[in-house]
Amino acid sequence: MHNLLRFIKLNQFLLLFILIEGLSLTLLVQNNNYQSNKIIKFSTQYTSAFYKYKNSFKDYLALKETNDYLVEENAKIYTLKRNNNEFVDSTDFNHKNFNYIAAKVINKSVNKRNNFITINKGIKNGIKNGMGIITNEGVIGIIHSVSENYALAISLLHNKSATGIFLKKNMHTGILTWNGFDYKTATISDLPIHIPLVIGDTIITNSYSNVYPEGINIGTISNFKKNDDGFYTINISLFEDFNNLRYVYVVYSDEAEEQILLEEAIND
Amino acid sequence: MINKNYIKYLALIPLFVLIQVLILNEILFFTYINPYLYLTLIISLPLQTPKWFLLSYAFALGFLIDVFGGSLGFHSTATVLSAFFKPAISKITIPHNVLTDNDEIKLNKIGVKSYLIFALLIIILHNNTLFLLEHLRFNLQILSKVLASSFVSLALISILEIFKSSKK
Chain A
368 MHNLLRFIKL NQFLLLFILI EGLSLTLLVQ NNNYQSNKII KFSTQYTSAF
418 YKYKNSFKDY LALKETNDYL VEENAKIYTL KRNNNEFVDS TDFNHKNFNY
468 IAAKVINKSV NKRNNFITIN KGIKNGIKNG MGIITNEGVI GIIHSVSENY
518 ALAISLLHNK SATGIFLKKN MHTGILTWNG FDYKTATISD LPIHIPLVIG
568 DTIITNSYSN VYPEGINIGT ISNFKKNDDG FYTINISLFE DFNNLRYVYV
618 VYSDEAEEQI LLEEAIND
Chain B
2 MINKNYIKYL ALIPLFVLIQ VLILNEILFF TYINPYLYLT LIISLPLQTP
52 KWFLLSYAFA LGFLIDVFGG SLGFHSTATV LSAFFKPAIS KITIPHNVLT
102 DNDEIKLNKI GVKSYLIFAL LIIILHNNTL FLLEHLRFNL QILSKVLASS
152 FVSLALISIL EIFKSSKK
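Protein chains in written order, with my numbering: chain A, 368 to 635; chain B, 2 to 169.
Next up, chain B with everything else stripped away, as it sits in the complex:
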């Protein structure tokens, strides 16, 4: 079952944690919006990835981000939840028969429209869980924070995706 994809993805964890901790956590749009680029890993993992790998991978990723942020449980809960709903979300947003078994989910493979919707749903789910856990209530201000934050993350993830696809 060990595929070279998984090794690549495991190796990408430290890289994305470092990018998040060293660079992105320093950037704040409108004083409190912080983009979460590491979600791109969860988004692009192939659909046929074993479920246990998907969930443990999401946990490891979220846990590391949490530890460096000095808090525990927030990012790991949100990331594991979005990983759990990823297969369901992919069923309704990604057209059938465009991906073979071990294809990563990429912008140029599934089309711009379905990629944006797919990624946005996962990011919103993640951000929503994260901010609800942090604030423990829901109002208009939190909703606007979720939406604004999701679109900033989506923009960053799409830029990375365009950059990756143009390189080839």
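Here chain A stands alone, though its shape is the one from the complex:
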């Protein structure tokens, strides 16, 4: 017993270090789950309120750009609406009805390996886990945890993000991931090399997703190389500037739930 006490006294720095470092690592491992943990859920409520103040200041400085953005968007929607009245596309089978909720980004990061986005809509506004977030210029992420007034989303710039895509010109499918460095570039590594590619080809979201509507532009191919294993490594330059996100849409489809239930039945 005496020896034990002496040992503890002699090595107290090391023991305390192991204790505190162990605590940190436990927090890290717990937080690394795809599901959010309680501490993050709890702290988001308070940090979000803080970031809201920060944002009200930043918004003031960016009024002009926001105005331009909204005018542009208005014009787009106006054209879309006019075209829609003129003819109805009878070949459009693949149409899941998506509902849109407008939200503002109040916090985001782009420089970490796993990035998150906080938006100013929560349970009160009907936001649920698993809903998608998009803008005009691409997919942004998936809702990960929701509090009363705010929601935290996994950004496309995340280790575990995987977005189903089509090559727009020939509808080949692939999966878009992010390798963790440049927020303007994402990667596709599961397209086989028999598919002809050209730099500048556009990629869009595919129609299999329950989360995102089909056909949202994501980015263009900036460069690619053929690998020995028979697949390309393709770098995609993203249309959306993740460092400058302001307004986004949370999208959800009532029919998506039906599709998920149906597909789950196979697994049972």
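Keep in mind that the hints were calculated from the coordinates and are not lab data. Any given hint could be a false lead.
[Claimed, not checked] Listed below are the simulated PhoX-like cross-link pairs for lysine-lysine, each with C-alpha atoms no more than 25 Å apart in a straight line:
id	chain 1	residue 1	chain 2	residue 2
1	A	K535	A	K551
2	A	K376	B	K92
3	B	K110	A	K376
4	A	K376	A	K443
5	B	K110	B	K165
6	A	K419	A	K535
Being a predicted model, the structure only gives us computed values, none of them experimental.
With the hints as your guide, set chain B onto chain A.
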């Protein structure tokens, strides 16, 4: 044991967390390099600081940065690790007999050369741990990120240090 230095350092935590969260996190060099100014607190804590204070202080600092970043454990692990190795690093880089017991570690006290080496080692240790934990692998791209990021942080911390010493 309570010294007015510790109260000052505790009071500096919110200030440096705010600077990091409000200003520095908005700044990105070369699209992904983000300076970490808060390490200056760990660097300048006096050498004779009780070990328990050093470690818990590092944990509190890292934890707050983490919470505001929406992730847990990354900064606290890295900061506690660099605080743990601080005494060892100071032994090999800081000349003996230049500091009295409660002196903070400052550029004008220990000399430019030893300060830069001392600070750089701690920053590299911190950045290396942080990025390894985030990416969970090691390659040339991560090494370059660690080095680039460390030098940007070092530059910022040195500028703050020069500014502090010229004020007196």
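**Prompt:** Broken hints, numbered, in rising order?
**Reply:** Hints 3, 4, 6 are the ones this structure does not satisfy, whereas the remaining hints hold.
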